[in-house]
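Going line by line, the protein sequences match chains A and B.
Using this note's numbering, read the first sequence as starting at 1 and increasing by one per residue.
Using this note's numbering, read the second sequence as starting at 1 and increasing by one per residue.
Think of the hints as simulated: they come from the structure by calculation, not from any bench.
Quick caveat: nothing in here was measured; it's all calculated off a predicted structure.
From the three backbone atoms N, C-alpha and C, an ideal C-beta is built for every residue, glycine too.
Some hints could be false.
As the list claims (entries may be wrong) - List time: in silico SDA-like cross-link candidates among lysine to any residue, alpha-carbon distance up to 20 Å:
{"id": "1", "chain 1": "B", "residue 1": "K375", "chain 2": "A", "residue 2": "V124"}
{"id": "2", "chain 1": "B", "residue 1": "K109", "chain 2": "B", "residue 2": "E52"}
{"id": "3", "chain 1": "B", "residue 1": "K513", "chain 2": "A", "residue 2": "F164"}
{"id": "4", "chain 1": "B", "residue 1": "K375", "chain 2": "A", "residue 2": "D245"}
{"id": "5", "chain 1": "B", "residue 1": "K513", "chain 2": "A", "residue 2": "S71"}
{"id": "6", "chain 1": "B", "residue 1": "K513", "chain 2": "A", "residue 2": "A156"}
{"id": "7", "chain 1": "B", "residue 1": "K109", "chain 2": "B", "residue 2": "D156"}
{"id": "8", "chain 1": "B", "residue 1": "K836", "chain 2": "B", "residue 2": "D759"}
{"id": "9", "chain 1": "B", "residue 1": "K513", "chain 2": "A", "residue 2": "E146"}
{"id": "10", "chain 1": "B", "residue 1": "K375", "chain 2": "A", "residue 2": "E235"}
{"id": "11", "chain 1": "B", "residue 1": "K836", "chain 2": "B", "residue 2": "L818"}
{"id": "12", "chain 1": "B", "residue 1": "K513", "chain 2": "A", "residue 2": "E235"}
{"id": "13", "chain 1": "B", "residue 1": "K690", "chain 2": "B", "residue 2": "A646"}
{"id": "14", "chain 1": "B", "residue 1": "K375", "chain 2": "B", "residue 2": "S300"}
{"id": "15", "chain 1": "B", "residue 1": "K375", "chain 2": "A", "residue 2": "A193"}
{"id": "16", "chain 1": "B", "residue 1": "K375", "chain 2": "A", "residue 2": "P151"}
{"id": "17", "chain 1": "B", "residue 1": "K513", "chain 2": "A", "residue 2": "D245"}
{"id": "18", "chain 1": "B", "residue 1": "K513", "chain 2": "A", "residue 2": "H154"}
{"id": "19", "chain 1": "B", "residue 1": "K513", "chain 2": "A", "residue 2": "P151"}
{"id": "20", "chain 1": "B", "residue 1": "K513", "chain 2": "A", "residue 2": "R249"}
{"id": "21", "chain 1": "B", "residue 1": "K836", "chain 2": "B", "residue 2": "V752"}
{"id": "22", "chain 1": "B", "residue 1": "K375", "chain 2": "A", "residue 2": "P152"}
{"id": "23", "chain 1": "B", "residue 1": "K2", "chain 2": "A", "residue 2": "S280"}
{"id": "24", "chain 1": "B", "residue 1": "K558", "chain 2": "B", "residue 2": "A539"}
{"id": "25", "chain 1": "A", "residue 1": "K47", "chain 2": "A", "residue 2": "R80"}
{"id": "26", "chain 1": "B", "residue 1": "K375", "chain 2": "A", "residue 2": "H247"}
{"id": "27", "chain 1": "B", "residue 1": "K836", "chain 2": "B", "residue 2": "G824"}
{"id": "28", "chain 1": "B", "residue 1": "K304", "chain 2": "B", "residue 2": "E350"}
{"id": "29", "chain 1": "B", "residue 1": "K513", "chain 2": "A", "residue 2": "A240"}
{"id": "30", "chain 1": "B", "residue 1": "K513", "chain 2": "A", "residue 2": "G169"}
{"id": "31", "chain 1": "B", "residue 1": "K513", "chain 2": "A", "residue 2": "P152"}
{"id": "32", "chain 1": "B", "residue 1": "K375", "chain 2": "A", "residue 2": "F164"}
{"id": "33", "chain 1": "A", "residue 1": "K47", "chain 2": "A", "residue 2": "S22"}
{"id": "34", "chain 1": "B", "residue 1": "K61", "chain 2": "B", "residue 2": "N83"}
{"id": "35", "chain 1": "B", "residue 1": "K513", "chain 2": "A", "residue 2": "G243"}
Unchecked claim - Some chain B residues near chain A, calculated using beta-carbon distances under 10 Å:
{"id": "36", "residue": "D68"}
{"id": "37", "residue": "G112"}
{"id": "38", "residue": "R288"}
{"id": "39", "residue": "I509"}
{"id": "40", "residue": "L522"}
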Amino acid sequence: MASAAEELVVEIGSLAACDPSSIVSLEELGKLEDTLLGKRSRLSEIKQALGSLPPEERKSVGKALNEARMSLSDILAARRCVLEDEEVRRVLSSERMDLTEVLGTPQVGHLNLVSQTRDQLEDVFAGMGFSVAEGPEAETDWFNFEALNIPPDHPARSMWDTLFLDVPGTLMRTHTSPVQIHLMVEQGPPIYAVMPGRTYRRETPDARHLATFHQIEGLVVDRSITFADLAGTIEEFTTAFFGSDIHSRLRPSYFPFTEPSAEFEITCAICGGAGCRTCSHTGWIELGGCGMVDPAVFDAVGIDPEEWSGFAFGFGLDRCAQMRHSIADMRVLISNDIRFLRQF
Amino acid sequence: MKVPLSWLKDYLPIDLDPAEIRTLLDDLGLVVEGMEVFGDRLDGVVVAQVEEIAAIEGADKIRRVVVDAGPIGAVQVVCGAWNFAVGDRVPLATVGAVLPGNFAIAARKMKGVTSYGMLCSGRELGLSEDAAGIMAVDPAAPLGAPLADFLGLAPDVVYDIAVEGNRPDALCITGIARDLAARTGVPLSLPGMSAPLLGGPHVEEGAARATAAPASGAASATVSVECPDLCDRFGAWVIEGITVGPSPQWMQQRLTRAGMRPINNVVDVSNYVMLELGQPNHPYDLARLPGGGLVVRVASPGEKLETLDGAVRTLGLDLQGNPGPADCVICDASGGVVGIAGIMGGASSEIDGTTTAVLLEVAHFAPMAIARTSKRLGLRTEASVRFERGCDPAGIERAADRFAALLSEIAPPGSTPRVTARVGSALGSPPPPGILRLRTDRVNALLGTTLATAEVARHLESIGFAGSPVAEGSSGGVLEVRVPTFRPDCEREIDLIEEVARLHGYSSIPRAKLAITRAGGLSQYQRERRRLRDAVAHALGACEAWTPSFLGPGDNEKAGFTGRQVAVTNPVAREESVLRRSMLPGMLRALAHNTGHRNPSIRLFEIGHVFRANDDDPDLVPDEWEKMAVLFAQEDGEGRDEGVEAAVTAWRTVVEVLRLDHLVLRVPSAGGAIPGLHPMRAARIEAAGKVVGVLGEVDPAVAAAFGCPGRRIGWIEVFLGWESSAGRSTDEGTGILGSVPRRPLAARIPSVLPSADFDLSFVVDDSWSAGSVCETLQSAAGELASRVELFDVFRAEVEAGTRSLAFRIRLEPTDATLTDAEIGAVRKRCIDAVMKEHGAVLRG
């Protein structure tokens, strides 16, 4: 016949055999825990009664008790995990939210298209080693014309319809070229700079021209600068800014402040150079003017043309933006219409 | 300049595709801006004879016409022109023909009558400008023959060439041909230069063609030049025996295609010679020249002339009406003005049907003088354009020769025009050709090429320069170059280098990579300006505007800026005639524009320049600042404007983003109003005691004046500084981005010791700004204070004209934990300072 201790061990074993999978709530599970392991549980009773057992039996019952408690704890904890997980899921599933119905429009401003174009061009030239120079928009006749080899009454003045100011000898600059003169007079060679800025002409704006517009101009003055350097620089800038499939070519032209002078054209981006209406079937689009700094300009600013040589180039920022974004009517650029500004 | 290819081929027998020629011209710097094809659209247009004309019932503008088109047979057409009769020969466009302008001819029924073709005017065929009626065809024309064959019309191409200002030689057909000859190697043959008809009484061989009639007007013709500085060569030729009539079809067509209107044989020859050789010339009706001669002089102030275009021109006065400018005029022998030299002739001596003798003027004028007069009169003509760029001073005799030869060649039967006198008293002799030195080394140094001296010489010789080598040292070759007289633009070595580059071909010059050995990139000012701009756009949500630099009269004043404004003397429009002193008017108008498009709720900013008459001397170039303006016109859900609070918060954001902590807001004392802003809601932004900007609410009256009535608009306008500050020290210091007084901040390591906060509330009179109290607290709290923040303002429960201001001060020790005694001491210092400085009362 089994001893009392042996009976206890068997009972403990049966108590430890528990399957809580039918328990579906944490509350029930708590009750079960209390029933099985709480102060008033059978296992606790047995533990309390442990002292009344003979010492040799106490050990085997105690061991069975510990094993049973550990086993039960594991089983219940595992179930608790499952139930807690289910509870979390239940809460989350009750928190469904349509993220596209959230109210509120962000208050974000946009930089002007011309500013963005200017930044990009400045960055391209900065990457090539150019610095960026600026100057005033109200200028003297000397800086805007005379120092650039355009004396008063020179027929070439008709190339620039000029707005004159009521201060004699002053005007609104017709191009960014006076900044070249400032650089050469105030800083002197060597010079590697681009000069972006706002310029003015006496014109009535139309779809293709604005009376106030923006140019960027470049000037390089150093020893042994050649026309080949000019051609190479134009090509480098063209591929860097417009893309590696856009190239440049130079064509003879005339500007009073450069000689030899050239117009530079870039591959027509519309047809990729194959020829289309936009480029008059030539495959090329005219972008700007350039040339070797005329010795008369060097004379005007006190730089010895036998020691130094240089080149200059310039083109329209607004025109670049127009080409990139297919702007049919340039006047939208000065409309300040929020519907336009927010596009870019 | 319009250049018909067929005309070019007179001097240069090239056989290239017109598109290839275009490429060559482009590459030579004779940029082709347009290319028009003529004469190949007249297929199906034949000669026909009118056989029958009948009315159409119910139609009074059109008639039924039957024509005989030879092999094609009789053709019925409906025609609206009335200038022909039975038996006339006319051009018939048959069904299927396509006329210039892509006008296809089809059978059409009009008023019940079917028209199987169309009788054409010269304009409809692209042959002339005449659209008045059906073109008359020579009665000898065979019926049914293609019209183009009978007229000898070959397909032609007309190039529209943009001739640059430094190419006076290319303003004529022969000049263009010369460049093309150089590039193609095809030899150039210019019009015959012998002078069989020239020389008047001295007529030599060839006089056989000028047998009849002794000189009548010739004997008395005289010429004198009173202003040799404006006119260095002046020749006159008397040509008699003229019968004025239309010039032949081929000449009219050439002139038309070159963009000139055929007038009569004399005028047409004059224009033809100008287009061919580039030498303007002027024939006067000798009978209408009192005294029979010419005088070249400076116009007296206010002198008037009716020019050929019918306008009355006033000479010798500047644009303000003051006497002065030297206008060169041509007068008859009695002193009456008959022409503006080199620009346009007068109406009184115009050639017409009665002319039988002309005085032909061929001269050379000072280019600058012609440019000045032409510009001031606003009168640009084919002649003035050529003279102001520089004509060939040695080309006068040749042009006169050509004129006489052509006039004789096209003279109507029975007419024998001949030169009966050559008045050479003011002709002098042409200047000797210029001689320039050209260093081969210099050519290569500037172009980046490796040309040999002989190559350089060959390029120049191909367009009429003559270069001979000069022995000079060992440093490469030197050429002594004789400049042809038709290249007055070539005055320096560099001008020759340009010609060498052009003829060598720009595309043949190699491309080199520039080796820049210095650091480029943006300056500090430019980098910070970008950061500022990005902060305003992205943190404040403002879009970047670009408003006009010009305002209308009174706009600056309406915006609160009086006096010292700069005006444009020649504005296009009154609304853009004054330089802006502030961006406020432009930005308010931009807001009004957007409000008009149902976008009233916006923020805008602009970085741009504003202007003011020079402080030191109003006769100097205007003062100019680069400023940034931000406009706040956001509406809340109830249509209320965000107003000035938004501007203040935004300003704090900008200060924080760019760490512009040296800037302080100062509320002006009573009476210290800020232009354009609400007198009670505005502050100045100061840096080191200088006012660098303003912030506040736009004065509602100003807002209303620029199209934004009833709006409460926040406004910031600050002086940014200058990229180059040379000579630009102003009363606004160096701007908010200027380098002074900002220096890089020394880093402060966050303290590991506990910090302590205490709050203080004061009742402060309204005359003291919260900002000034805050500054007092900051200086009283000293180094220990890491933050002084205004956290509450209320006006309830305190005396009117005062308010309660609550501040929180945070103390952050760096070397030892704060004791209560230390905190107490700082607190007391703060209280004492505010009570003393501002007469404030500490609350509870």
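Practice problem: Please work out if K304 of chain B and E350 of chain B have their alpha carbons no farther apart than 20 Å. | Solution: Measuring from Cα to Cα gives roughly 17 Å; hence the hint holds.
Quiz item: Has the given pair, K513 of chain B with S71 of chain A, been kept, meaning a C-alpha gap of at most 20 Å?
Solution: Violated, at roughly 81 Å.
Practice problem: Assess, step by step, whether the Cα of K375 of chain B is no farther than 20 Å from the Cα of P152 of chain A, and give holds or violated. | Solution: 12 Å, holds
Quiz prompt | Satisfaction of hint between D759 of chain B and K836 of chain B, Cα-Cα up to 20 Å | solution = Answer holds: K836 of chain B to D759 of chain B is near 18 Å, not above 20 Å.
Exercise. Compare the distance between the alpha carbons of K61 of chain B and N83 of chain B with 20 Å, and conclude whether the hinted pair is satisfied.
Key: 13 Å, holds
Quiz item: Quick one, is the G112 of chain B hint okay against chain A at 10 Å, beta carbons?
Solution: 43 Å, violated
Self-check item: Given pair status - P151 of chain A, K375 of chain B, alpha carbons within 20 Å
Solution: 15 Å, holds
Quiz item: For the pair supplied as a hint, K375 of chain B and F164 of chain A, is the alpha-carbon distance within the 20 Å limit?
Solution: This hinted pair holds, its Cα atoms lying about 16 Å apart.
Quiz prompt | Given hint A539 of chain B paired with K558 of chain B - CA-CA distance at most 20 Å | solution = 32 Å, violated
Quiz item: Given the hinted pair K375 of chain B and E235 of chain A, is their alpha-carbon gap at most 20 Å?
Solution: At roughly 38 Å apart (the allowed maximum being 20 Å), E235 of chain A and K375 of chain B break the hint.
Exercise. For the hint on I509 of chain B, just tell me whether its beta-carbon gets within less than 10 Å of chain A.
Key: At 6 Å from the nearest chain A Cβ, I509 of chain B passes the 10 Å test, so the hint holds.
Self-check item: K513 of chain B paired with H154 of chain A [C-alpha distance capped at 20 Å]
Solution: Judged against 20 Å, a Cα distance of about 36 Å means the pair is violated.
When held up to the earlier numbered hints, the structure conflicts with 1, 3, 4, 5, 6, 7, 9, 10, 11, 13, 15, 18, 19, 21, 24, 25, 26, 30, 31, 33, 36, 37, 38 and fits the remainder.
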